[in-house]
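Participant: Chain residues, written in single-letter form:
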Amino acid sequence: MSLRILKPTAEFADLLPKEYQELVENGPYHEQKGISDLGTFKEIIEEHPHCAGCGVALGVRLVAASLPAPADTLIIGTPGCSFFGLAQTALNYSNTAFGNQNAVASGLKRMLKIRYPDRNKDVVVLVGDGGIADIGLDMTLHSWLRRENITTIMVDNEVYGNTGGQESGMTKEGQVLNMAPEGKKFPKIPVFELARTSGCAYGARVTVASPRKIGEAVKKAILVAREVGPTYVQIYTPCPTNLKFPPDQTVKVAKDAEAGYYSFEEFISPEAQEYMQKTTKAV
Amino acid sequence: MYVAARVDEEKCNGCKLCILTCPDPNVISIDKAKNIGINQARCKGCGLCVVACPKEALTVS
Amino acid sequence: MDRVQRPVEASQLLFESERAPAFITGSEAVMEAIKRANVDMAIAYPITPQSESMHLIGDLYAKGYLKDYYRAENEFAVMAAIHGASLGGGRVFTATSGPGTLRAMEMFPVWAGSRQPIVCAFMCRGVSLPPSIQPENIEMGMLLDTGMLMLHAENVQDFFDMLLKAYLIAEKPDVHLPVGVFVDGFFVTHTRETVMLPPDDLKLLPYDPENSPVPVFDMETPPMRITRDPLLNKSNFISYAANASWHQEVLAAAERARKHLAQYLGGLLEVENPNAKIFIAASGTAVSQGREALKDLLDAGLDVGLIKIKSIRPFPVNELQEATKNAELIVVPEFNAGGWLAKEIKATLNENNRVVAGPRVFGGMTIPKELIISEIHNALNRQNQRL
Numbered sequence: 001m002s003l004r005i006l007k008p009t010a011e012f013a014d015l016l017p018k019e020y021q022e023l024v025e026n027g028p029y030h031e032q033k034g035i036s037d038l039g040t041f042k043e044i045i046e047e048h049p050h051c052a053g054c055g056v057a058l059g060v061r062l063v064a065a066s067l068p069a070p071a072d073t074l075i076i077g078t079p080g081c082s083f084f085g086l087a088q089t090a091l092n093y094s095n096t097a098f099g100n101q102n103a104v105a106s107g108l109k110r111m112l113k114i115r116y117p118d119r120n121k122d123v124v125v126l127v128g129d130g131g132i133a134d135i136g137l138d139m140t141l142h143s144w145l146r147r148e149n150i151t152t153i154m155v156d157n158e159v160y161g162n163t164g165g166q167e168s169g170m171t172k173e174g175q176v177l178n179m180a181p182e183g184k185k186f187p188k189i190p191v192f193e194l195a196r197t198s199g200c201a202y203g204a205r206v207t208v209a210s211p212r213k214i215g216e217a218v219k220k221a222i223l224v225a226r227e228v229g230p231t232y233v234q235i236y237t238p239c240p241t242n243l244k245f246p247p248d249q250t251v252k253v254a255k256d257a258e259a260g261y262y263s264f265e266e267f268i269s270p271e272a273q274e275y276m277q278k279t280t281k282a283v
Numbered sequence: 001m002y003v004a005a006r007v008d009e010e011k012c013n014g015c016k017l018c019i020l021t022c023p024d025p026n027v028i029s030i031d032k033a034k035n036i037g038i039n040q041a042r043c044k045g046c047g048l049c050v051v052a053c054p055k056e057a058l059t060v061s
Numbered sequence: 001m002d003r004v005q006r007p008v009e010a011s012q013l014l015f016e017s018e019r020a021p022a023f024i025t026g027s028e029a030v031m032e033a034i035k036r037a038n039v040d041m042a043i044a045y046p047i048t049p050q051s052e053s054m055h056l057i058g059d060l061y062a063k064g065y066l067k068d069y070y071r072a073e074n075e076f077a078v079m080a081a082i083h084g085a086s087l088g089g090g091r092v093f094t095a096t097s098g099p100g101t102l103r104a105m106e107m108f109p110v111w112a113g114s115r116q117p118i119v120c121a122f123m124c125r126g127v128s129l130p131p132s133i134q135p136e137n138i139e140m141g142m143l144l145d146t147g148m149l150m151l152h153a154e155n156v157q158d159f160f161d162m163l164l165k166a167y168l169i170a171e172k173p174d175v176h177l178p179v180g181v182f183v184d185g186f187f188v189t190h191t192r193e194t195v196m197l198p199p200d201d202l203k204l205l206p207y208d209p210e211n212s213p214v215p216v217f218d219m220e221t222p223p224m225r226i227t228r229d230p231l232l233n234k235s236n237f238i239s240y241a242a243n244a245s246w247h248q249e250v251l252a253a254a255e256r257a258r259k260h261l262a263q264y265l266g267g268l269l270e271v272e273n274p275n276a277k278i279f280i281a282a283s284g285t286a287v288s289q290g291r292e293a294l295k296d297l298l299d300a301g302l303d304v305g306l307i308k309i310k311s312i313r314p315f316p317v318n319e320l321q322e323a324t325k326n327a328e329l330i331v332v333p334e335f336n337a338g339g340w341l342a343k344e345i346k347a348t349l350n351e352n353n354r355v356v357a358g359p360r361v362f363g364g365m366t367i368p369k370e371l372i373i374s375e376i377h378n379a380l381n382r383q384n385q386r387l
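Protein chains in written order, with this note's numbering: chain A, 1 to 283; chain B, 1 to 61; chain C, 1 to 387.
FYI, nobody ran anything at the bench for these hints, they're computed from the structure.
Just so you know, even glycine gets a beta-carbon here, dropped at the ideal spot from N, CA and C.
Take these hints with a grain of salt, some might be off.
The calculated lysine-lysine pairs, modelled on DSSO-like cross-linking and capped at a C-alpha distance of 30 Å, are [claimed, not checked]:
no., chain 1, residue 1, chain 2, residue 2
1, B, Lys55, B, Lys32
2, B, Lys16, A, Lys18
3, A, Lys172, A, Lys184
4, A, Lys18, B, Lys55
5, B, Lys34, A, Lys252
6, B, Lys34, A, Lys255
7, B, Lys32, A, Lys184
8, A, Lys7, B, Lys55
9, A, Lys113, A, Lys188
10, A, Lys219, B, Lys16
11, B, Lys32, A, Lys113
12, A, Lys252, B, Lys55
13, A, Lys7, B, Lys11
14, B, Lys55, A, Lys244
15, A, Lys281, A, Lys219
16, A, Lys278, B, Lys32
17, A, Lys219, B, Lys11
18, A, Lys278, A, Lys188
19, A, Lys113, C, Lys277
20, C, Lys295, C, Lys369
21, C, Lys369, C, Lys343
22, B, Lys34, B, Lys55
23, C, Lys172, C, Lys277
24, C, Lys63, A, Lys113
25, C, Lys277, C, Lys259
26, B, Lys34, A, Lys244
27, B, Lys11, A, Lys255
28, A, Lys113, C, Lys343
29, A, Lys219, B, Lys32
30, C, Lys277, C, Lys343
31, B, Lys55, A, Lys255
Beta-carbon label-pair distances, calculated as ranges [stated by the list, open to error]:
no., chain 1, residue 1, chain 2, residue 2, range
32, A, Glu271, C, Glu210, 33 to 41 Å
33, B, Asn13, A, Ala259, 36 to 44 Å
34, C, Asn211, B, Asp31, 24 to 32 Å
35, C, Arg19, A, Leu145, 55 to 63 Å
36, B, Ala41, A, Gln166, 53 to 61 Å
37, C, Ala241, A, Gln166, 25 to 33 Å
38, A, Phe267, B, Lys32, 36 to 44 Å
39, A, Pro246, B, Ala41, 19 to 27 Å
40, C, Asn236, A, Glu19, 17 to 25 Å
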């Protein structure tokens, strides 16, 4: 999307909402912004109804601030908590049926390649653990196995939040939740490992306690997906509402997890590594 | 009466950790002189910034 | 590509160019239609009796007629991916059958609600249990209120023509809805008949996403802080009103399709022997069986006519009321156990005790003309006894 499309004609500019005008004047569309610039530019997400202290909202916000080219980024989501912030985001966002995000993204990316052969249109899947690891796992894996040029980002709150706190496949073993009255009886689904073995060219596992790592991982993932192959970023985004901890502890919970079972991890294929070196040199 | 975060400008050193822990967009801002601004109408008062601040410059009230 | 094709106006391709005969199956007719439809992308998943048609679409891709094609992981994924492709602003095609239709069910209202002009062929077959790969069109009854337009082809010629016309109707800016083109599996897909085809060096003009009544999903329009689909996850009056008005607009778009259906299909239904007192009303291959029965009944001196219903959604309400205003008996033969067409007709007509919901066959059998004839005789006997 060019600046010409974004900018209103002068005669009508004052009719547009203030938020839109701020986006035009101080948004991230045409000047590269990143995590470290937060607080100095107009973010593309607007006021949303996530709970106070929501890890998912923080994860979504940090991802949105890390997009290398928001003016040409399309986000595919799925029903669930992640929807609330994303629906208030000033880029093309669609969610349709639960769990189908990687299939929708596959079709979309292929059509955009047909229509814009000489331009990068970044198709990013940004959804929760239920959508990626449970109901949509087959479509997640098949999009990777087919080597689709899309980035998949999981905001993992280890629970079905929007439906009222039920166990998901990404819930920790033993955790008591709705539909797991005796505690979850099997471990977290190893989606990160599955990404590695299913053909992802780059993968990263991070938490919201490390915003700069999220920034780097998301950027790398999107760049590698353009030219090399599918990429995956898994972000731990704890849920105070359903996991029953005070909302001011979200980042601390994430930090503790990072010191233990949710440690930072990254993998990159040799081809992606070579591509990244070339891209960084070119910049 | 809604609760919202408030900043003590004397204590704040402009490290921006609060901005990086706020789950809500466009709430905490920083200007060139490193002054922190909080859009209190949009703050949900979760307190994440309070916990994150190493200088104890933030409160929720 | 084995042919250099020239994009031409639809009227030239469909109505003005000289057609030549070809002795082909329904599956081959799908290929011939898509070859001339200037489709950007197709996605396939195998199921009997659809598979052969999508093999042939794959061959078209290999020859360069389509720009992308792949075999996906299941029908739900196919219909989701084809939705994504359509969101991206191109012309798409896919097809499925019976259990595949049901597997993908959640996506059809999404297509309509999202106003995507997707064309999908449904080669109808039985659904489990008991399992059947044989022709049966119960799936149509399950799709009646998904918001998509539904055309029911009687034979291979219909199938070819309706697929091409489906794109034209689906892509009208005042419609912009998905169109399902349905045939009874095997009876149409796997039988050969002589079909009149326009030249294959002509194709439709490309889809123009700029004509879409909803923004194309390509980040080339000013960003709005809304989902591409209406946001309805909030419980308040505005959300309810947005949801309701969006639904009403989908229904209204289907209504606006009537004039285009009339233009391209020559009407939503066709009537043979319009002054008759007794009618056989049917859709799909049941029309062909009805036509065979009609010949015998006319030979026997009965005053019988035939109504071929081509458009199931929108349903030809006024046309059917007009065609049957003097009818005393309307028999509705169907290839399914549920009798959805008879229910539609009964809901449409006054004095619907004139409608006989049958004969119905299912499990893959054909409807013998004798069954239709005896249904009419039985109904006439019942009416006489009442008198």
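Participant: A separate judgement is required for each hint: does it hold in the structure or not?
Facilitator: Now for the hints, and whether the structure bears them out:
1. Restraint check for lysine 55 of chain B and lysine 32 of chain B: the C-alpha separation of about 20 Å stays at or below 30 Å, so the hint holds.
2. Of the pairs offered as hints, the one joining lysine 16 of chain B and lysine 18 of chain A holds, with about 25 Å between alpha carbons and a cut-off of 30 Å not exceeded.
3. Between lysine 172 of chain A and lysine 184 of chain A the alpha-carbon distance is near 7 Å, which keeps this suggested pair within the 30 Å criterion.
4. Using a Cα cut-off of 30 Å, the hinted pair lysine 18 of chain A and lysine 55 of chain B is violated, with the two alpha carbons roughly 34 Å apart.
5. For the hint pairing lysine 34 of chain B with lysine 252 of chain A, the CA-to-CA distance comes to about 25 Å; that is within 30 Å, so the pair holds.
6. Taken as a hint, the lysine 34 of chain B and lysine 255 of chain A pair is honoured in the structure, with Cα atoms around 26 Å apart against an allowance of 30 Å.
7. Taking the CA atoms of lysine 32 of chain B and lysine 184 of chain A, the gap is about 49 Å. The hint is violated against a cut of 30 Å.
8. At roughly 41 Å between alpha-carbon atoms, lysine 7 of chain A and lysine 55 of chain B are farther apart than 30 Å, so this suggested pair is violated.
9. Taking the CA atoms of lysine 113 of chain A and lysine 188 of chain A, the gap is near 35 Å; set against the 30 Å cutoff, the hint is violated.
10. As the CA atoms of lysine 219 of chain A and lysine 16 of chain B are separated by approximately 21 Å, the hinted pair is consistent with the 30 Å bound.
11. A C-alpha spacing of about 41 Å is found between lysine 32 of chain B and lysine 113 of chain A, which places the hinted pair above 30 Å, so the restraint is violated.
12. With a CA separation close to 17 Å, the supplied pair lysine 252 of chain A and lysine 55 of chain B stays within the 30 Å bound.
13. Of the supplied pair hints, the one linking lysine 7 of chain A and lysine 11 of chain B is violated, its CA atoms being roughly 40 Å apart against a limit of 30 Å.
14. The hinted pair formed by lysine 55 of chain B and lysine 244 of chain A meets the criterion: a straight-line CA distance of about 27 Å does not exceed 30 Å.
15. Straight-line distance between C-alpha atoms of lysine 281 of chain A and lysine 219 of chain A comes to about 16 Å, which keeps the hinted pair within the 30 Å bound.
16. This hinted pair does not check out: lysine 278 of chain A and lysine 32 of chain B have alpha carbons roughly 34 Å apart, beyond 30 Å.
17. Proximity of lysine 219 of chain A to lysine 11 of chain B is assessed by CA-CA distance (about 34 Å); at most 30 Å being required, the pair is judged violated.
18. Between the alpha carbons of lysine 278 of chain A and lysine 188 of chain A the distance comes to roughly 36 Å, so the proposed pair goes past 30 Å and is violated.
19. Under the criterion of a C-alpha separation no larger than 30 Å, the hint pairing lysine 113 of chain A with lysine 277 of chain C is inconsistent with the structure, at around 58 Å.
20. Our distance criterion of 30 Å between C-alpha atoms is met by lysine 295 of chain C and lysine 369 of chain C, whose separation comes to about 10 Å.
21. Taking the CA atoms of lysine 369 of chain C and lysine 343 of chain C, the gap is about 22 Å. The hint holds against a cut of 30 Å.
22. Only pairs whose Cα atoms come within 30 Å are accepted, and lysine 34 of chain B paired with lysine 55 of chain B is accepted, the gap being roughly 15 Å.
23. For the hint linking lysine 172 of chain C to lysine 277 of chain C, the alpha-carbon distance of about 38 Å lies beyond 30 Å, and the restraint is violated.
24. Restraint check for lysine 63 of chain C and lysine 113 of chain A: the C-alpha separation of about 19 Å stays at or below 30 Å, so the hint holds.
25. Of the supplied pair hints, the one linking lysine 277 of chain C and lysine 259 of chain C holds, its CA atoms being roughly 28 Å apart against a limit of 30 Å.
26. Restraint check: the Cα-Cα separation between lysine 34 of chain B and lysine 244 of chain A comes to about 35 Å, which exceeds 30 Å; the hinted pair is violated.
27. Only pairs whose Cα atoms come within 30 Å are accepted, and lysine 11 of chain B paired with lysine 255 of chain A is accepted, the gap being roughly 25 Å.
28. Between lysine 113 of chain A and lysine 343 of chain C, the direct Cα distance comes to roughly 46 Å. Violation of the 30 Å bound is thereby established for this hinted pair.
29. Between the alpha carbons of lysine 219 of chain A and lysine 32 of chain B the distance comes to roughly 26 Å, so the proposed pair stays at or under 30 Å and holds.
30. As the CA atoms of lysine 277 of chain C and lysine 343 of chain C are separated by approximately 21 Å, the hinted pair is consistent with the 30 Å bound.
31. The hinted pair formed by lysine 55 of chain B and lysine 255 of chain A meets the criterion: a straight-line CA distance of about 19 Å does not exceed 30 Å.
32. A C-beta distance of roughly 38 Å is found between glutamate 271 of chain A and glutamate 210 of chain C, which places it inside the suggested range of 33 to 41 Å.
33. The given range of 36 to 44 Å is broken by asparagine 13 of chain B and alanine 259 of chain A, whose C-beta atoms sit roughly 26 Å from each other.
34. Taking 24 to 32 Å as the suggested C-beta distance range, the pair asparagine 211 of chain C and aspartate 31 of chain B does not conform, at roughly 46 Å.
35. Here the CB-CB span from arginine 19 of chain C to leucine 145 of chain A is close to 44 Å, at odds with the stated 55 to 63 Å.
36. At roughly 34 Å, the beta-carbon separation of alanine 41 of chain B and glutamine 166 of chain A lies outside the given 53 to 61 Å, and the hint is violated.
37. For alanine 241 of chain C paired with glutamine 166 of chain A, a C-beta distance near 31 Å keeps the hint of 25 to 33 Å intact.
38. Take phenylalanine 267 of chain A and lysine 32 of chain B: their Cβ atoms lie about 39 Å apart, and the range 36 to 44 Å holds.
39. Hint check: proline 246 of chain A to alanine 41 of chain B, Cβ distance near 23 Å, so the stated range 19 to 27 Å holds.
40. Against the hinted window of 17 to 25 Å, the Cβ-Cβ separation of asparagine 236 of chain C and glutamate 19 of chain A comes to about 20 Å, which satisfies the hint.
Taken one by one, the earlier hints fail for this structure at numbers 4, 7, 8, 9, 11, 13, 16, 17, 18, 19, 23, 26, 28, 33, 34, 35 and 36, listed in ascending order.
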